[in-house]
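Chains as they are written, first to last, in the UniProt record's numbering: chain A, 1 to 290; chain B, 1 to 290; chain C, 1 to 290; chain D, 1 to 290.
Since no wrong hints were added, every one of them can be taken at face value.
Intra- or inter-copy, both count: the list cannot distinguish identical chains.
In silico lysine to any residue, SDA-like type, Cα no more than 25 Å apart, as pairs:
no., residue 1, residue 2
1, Lys279, Ala268
2, Lys242, Leu232
3, Lys81, Asp59
4, Lys37, Ile121
5, Lys286, Ala268
6, Lys23, Gln57
7, Lys242, Leu220
8, Lys242, Thr288
9, Lys125, Asn221
10, Lys286, Asp271
11, Lys105, Arg76
12, Lys286, Val247
13, Lys242, Gly191
14, Lys188, Ala268
15, Lys286, Pro231
16, Lys81, Ala42
17, Lys188, Val138
18, Lys37, Asp271
19, Lys98, Leu198
20, Lys286, Ala229
Calculated from the structure, these hints are not laboratory results.
4 protein chains.
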Amino acid sequence: MSLTAAFVGLGAMGYRMAAHLPKSFDQVLVWNRTFSKAQQHAEQYGTQAVSIEQATQADIIFSCLPTSADVESIIRQYPPKAGAIWIDCTSGEPESAKRMVEFLKQYQADYLDAPVSGQTIGAEKGTLTVMVGGDTAVFERAQTAIEPFAGLIKHVGEPGAGFAVKAVNNMLLAVHLWATTEGFTALKANGVDLQSALECINTSSGKSGVTENVFPQRVLNRHFPLTFALPLLAKDTGIALKLAQSVKLPTPLLSLTQNLIQTASLTAAPDSDFSAAVKLYESWTKITLE
Amino acid sequence: MSLTAAFVGLGAMGYRMAAHLPKSFDQVLVWNRTFSKAQQHAEQYGTQAVSIEQATQADIIFSCLPTSADVESIIRQYPPKAGAIWIDCTSGEPESAKRMVEFLKQYQADYLDAPVSGQTIGAEKGTLTVMVGGDTAVFERAQTAIEPFAGLIKHVGEPGAGFAVKAVNNMLLAVHLWATTEGFTALKANGVDLQSALECINTSSGKSGVTENVFPQRVLNRHFPLTFALPLLAKDTGIALKLAQSVKLPTPLLSLTQNLIQTASLTAAPDSDFSAAVKLYESWTKITLE
Amino acid sequence: MSLTAAFVGLGAMGYRMAAHLPKSFDQVLVWNRTFSKAQQHAEQYGTQAVSIEQATQADIIFSCLPTSADVESIIRQYPPKAGAIWIDCTSGEPESAKRMVEFLKQYQADYLDAPVSGQTIGAEKGTLTVMVGGDTAVFERAQTAIEPFAGLIKHVGEPGAGFAVKAVNNMLLAVHLWATTEGFTALKANGVDLQSALECINTSSGKSGVTENVFPQRVLNRHFPLTFALPLLAKDTGIALKLAQSVKLPTPLLSLTQNLIQTASLTAAPDSDFSAAVKLYESWTKITLE
Amino acid sequence: MSLTAAFVGLGAMGYRMAAHLPKSFDQVLVWNRTFSKAQQHAEQYGTQAVSIEQATQADIIFSCLPTSADVESIIRQYPPKAGAIWIDCTSGEPESAKRMVEFLKQYQADYLDAPVSGQTIGAEKGTLTVMVGGDTAVFERAQTAIEPFAGLIKHVGEPGAGFAVKAVNNMLLAVHLWATTEGFTALKANGVDLQSALECINTSSGKSGVTENVFPQRVLNRHFPLTFALPLLAKDTGIALKLAQSVKLPTPLLSLTQNLIQTASLTAAPDSDFSAAVKLYESWTKITLE
Chain A
1 MSLTAAFVGL GAMGYRMAAH LPKSFDQVLV WNRTFSKAQQ HAEQYGTQAV
51 SIEQATQADI IFSCLPTSAD VESIIRQYPP KAGAIWIDCT SGEPESAKRM
101 VEFLKQYQAD YLDAPVSGQT IGAEKGTLTV MVGGDTAVFE RAQTAIEPFA
151 GLIKHVGEPG AGFAVKAVNN MLLAVHLWAT TEGFTALKAN GVDLQSALEC
201 INTSSGKSGV TENVFPQRVL NRHFPLTFAL PLLAKDTGIA LKLAQSVKLP
251 TPLLSLTQNL IQTASLTAAP DSDFSAAVKL YESWTKITLE
Chain B
1 MSLTAAFVGL GAMGYRMAAH LPKSFDQVLV WNRTFSKAQQ HAEQYGTQAV
51 SIEQATQADI IFSCLPTSAD VESIIRQYPP KAGAIWIDCT SGEPESAKRM
101 VEFLKQYQAD YLDAPVSGQT IGAEKGTLTV MVGGDTAVFE RAQTAIEPFA
151 GLIKHVGEPG AGFAVKAVNN MLLAVHLWAT TEGFTALKAN GVDLQSALEC
201 INTSSGKSGV TENVFPQRVL NRHFPLTFAL PLLAKDTGIA LKLAQSVKLP
251 TPLLSLTQNL IQTASLTAAP DSDFSAAVKL YESWTKITLE
Chain C
1 MSLTAAFVGL GAMGYRMAAH LPKSFDQVLV WNRTFSKAQQ HAEQYGTQAV
51 SIEQATQADI IFSCLPTSAD VESIIRQYPP KAGAIWIDCT SGEPESAKRM
101 VEFLKQYQAD YLDAPVSGQT IGAEKGTLTV MVGGDTAVFE RAQTAIEPFA
151 GLIKHVGEPG AGFAVKAVNN MLLAVHLWAT TEGFTALKAN GVDLQSALEC
201 INTSSGKSGV TENVFPQRVL NRHFPLTFAL PLLAKDTGIA LKLAQSVKLP
251 TPLLSLTQNL IQTASLTAAP DSDFSAAVKL YESWTKITLE
Chain D
1 MSLTAAFVGL GAMGYRMAAH LPKSFDQVLV WNRTFSKAQQ HAEQYGTQAV
51 SIEQATQADI IFSCLPTSAD VESIIRQYPP KAGAIWIDCT SGEPESAKRM
101 VEFLKQYQAD YLDAPVSGQT IGAEKGTLTV MVGGDTAVFE RAQTAIEPFA
151 GLIKHVGEPG AGFAVKAVNN MLLAVHLWAT TEGFTALKAN GVDLQSALEC
201 INTSSGKSGV TENVFPQRVL NRHFPLTFAL PLLAKDTGIA LKLAQSVKLP
251 TPLLSLTQNL IQTASLTAAP DSDFSAAVKL YESWTKITLE
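Make a model of the complete structure from these sequences and hints.
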């Protein structure tokens, strides 16, 4: 491809995602608020560290920032050139996607919401799941640009649909995490061996990504490695809730989960991984999951 | 093995589980309340349909009945002979397991709680997960007897521990089912294609047995095949809750789930599969998950 | 007072509130979407039925409409004259109050959010509680205008504070209603006489406006008279929830209540009184509270 | 009356209740685990401090102990004489009342569950509400014995009905307390004056015993005087929940409340008043209700 790509936001995910782009693009520009990180990326992967003005003039601009507000503020200040496609991999808000699609029309530029799932390990291996919302024709033009870091690319609907699916995915992650925490504490308090219980459940109907991955790799071994911050999970559960509230749906279970995760986020140590939400519950029960 | 085995309770699970026993036992006795089902089993699998008095005199007695109360009532009326092992595959109550171990001591007989997971398909293939609570020595004597229908056999702790793990497994199933229902309804109400959303989530952190199996095979295709009745799921979530309450643990998320499943059970059509719990939510929102 | 007052919105509350104004104002204008109701009011109470253009040119304009959106739309289309005070008795949204205060500055007019509590009986007797948000000087100028229909007038804070207190009041009403419903159903199912239970609780620590008024006057006698519609209670609980979410507070109990009331509203017969929320719960338990 | 009365358990409530008995009984025996308290009572009110063997031989025995287990253990060890009535003012368990009625039949003695509400102030003034479960004839024989400390005596149903009403009353207290805490925190975080809000709500539909008494007298003034311990409220909400679960009722709101109060109890300082449950919520939000 003779197109220029840019990657805006080199966090834990973005840094690894941008590393795959030189496979498919001759020129890959990278930008990060802390600029030294962009320079480090350039050295490590042969990309170019540039200013935000330059980055946003690429043919394809990827962004992966903490919130939709961060993305909107950059897009409004540095709108892309005509014909460009902005592919926003942030875990963002459906409403923001709709606004950005409208906003970019005056610049003859396009926008796709394309959040990713698969954690840092998936970003590193280039096997992320990318859930894309937006116009079908734009999606088709953008698809090959996304491939370098994707294991699965799925067009899930109109603008905002990608963000919606991601928010619900993360809400389910939160539900599973908290429910498994309550359930496993009850087992431990009743003298059951948790490793054996995990093994049983992982071949049974109660299994989930939490019992298969989060509990063995983060919780029961007490590692809680910071790869996805707890306040960001709280933000995502809030987005999922807003999605339901916007259509006046009652969601008793999701609401309770959001409240619990929000409480965990408010009371957690700074720089807590999402999995450290279990520590709030442990502080109530004085039982440690290990 | 020259031992005699008996299987008490030929429901959807038991019928298929008992079918594997002739592989390992010379003589397999079967009993069912509706006796014709035992006779049918005998014809189909070469087992012997017998009276409950005869069945309970086997060397190894398996039971798989709706509730612990059903099992206790048979054991008290027809206690096994000395040296026998009663392997109770019911999704039962931990307290009942403790009582039965004590009760059988006077008959020099042993009891293991050994509930299974894997649905009718796993029972048919003989690949069930069996979570066993009880004395280690008894477990070791019983292990080969369980193997014919098991994919995984796991000793998870003292008497009642097997029932505890099964109850928590089924509680997690209930949590995942209800949460996925709320989340997917929010997606549908916002115009997202549910099959695409499912595909994304099944390669992402929000996946579970519900998104991998229950939703595609029972809910989104509107089949709701009756293999595990909704009132039994309500009973199991009640057992999990009692487990937590017995040690005074707060379990906000599990309690809410139990209340929702209990409501679904109270309002469901007779003979509803557990997956039909989603229909209660659909009656609230007037949105059908398909 | 030689000032002209106008009352916009003659619903169940407004019709009775406006009836008190001729005590203090020489001229009282009334407007209602269904104009015949304004004419009826004029005949009955000596007010003048006028067009919305005329009504909004009064010195003091009261409004009492279903939602803040209704009020905002009228204010933007028919802004009041300089020096006027718009006293909005709607159960509205705090954010809207802030917007209206700002909007009216360009017209040198003032706005107070002044929602009322006390039901139709309080409106009739002129003993309503009025919780007022807004500038202190404006509040002081407006106070005597409010007196005709008020038993208690309280300045509770900045613009929006009145709406906030009203929303929390109605949320508490909703919580008390649902909790009493669950509790009394448990009592009835256990053979307790509900009238006696009510009498005990009304002299005990568990009493509330619901046990003192709503249960005896609306629920246990099965009257459910429509004076405050269930969808409006659902709207108010939503406002209270938004208030908490705007400052990122976890509110597990209020969230669950809002979800239950929202479900009740979605499934209720049209024109249901708020007290008919208990019927949703009765449909689950098949137990009637009487 | 020439009958002898005894009072077993001189806690915060019992001490004050027993003080009224000499008005109606010639002889009043008192017993307490810490015996010095009984001696102090005797000196202060002209009662007689006696052994538990003596106390339980009175004609009318009142008990007011922390739990039903405490009462049962005394009754089984020291059953009353034939013709005696045991009036149990403990906040106890309905099932226990049924057991005690049965147990005392062999001694030709009767039992009433007669829990009280009204706090220490009501005990002091002799204006308690007494909710009585049990046989009607026994209730009628016992009524005058109860009068000295009662403002309202109400026969609410069969054995256990009194305990049931008390448990539901205290559950409602717990619901109101927690809901008011969440709501008032949202108000404070939005700049509303809490005293003014309280004044408005106390003349509005959202009022309750909590807004009228608990918040002004215990919470907003930061006194939290220990008159009713938080673990006892957690116990009572547990009794109410068991009451609902015994008849398989779903109770989403009561269950969540019980979980929150149980969490508050687990994490509270020793000797916390029930009103100090708000401190758990304050630890989450970092906002103090004052």
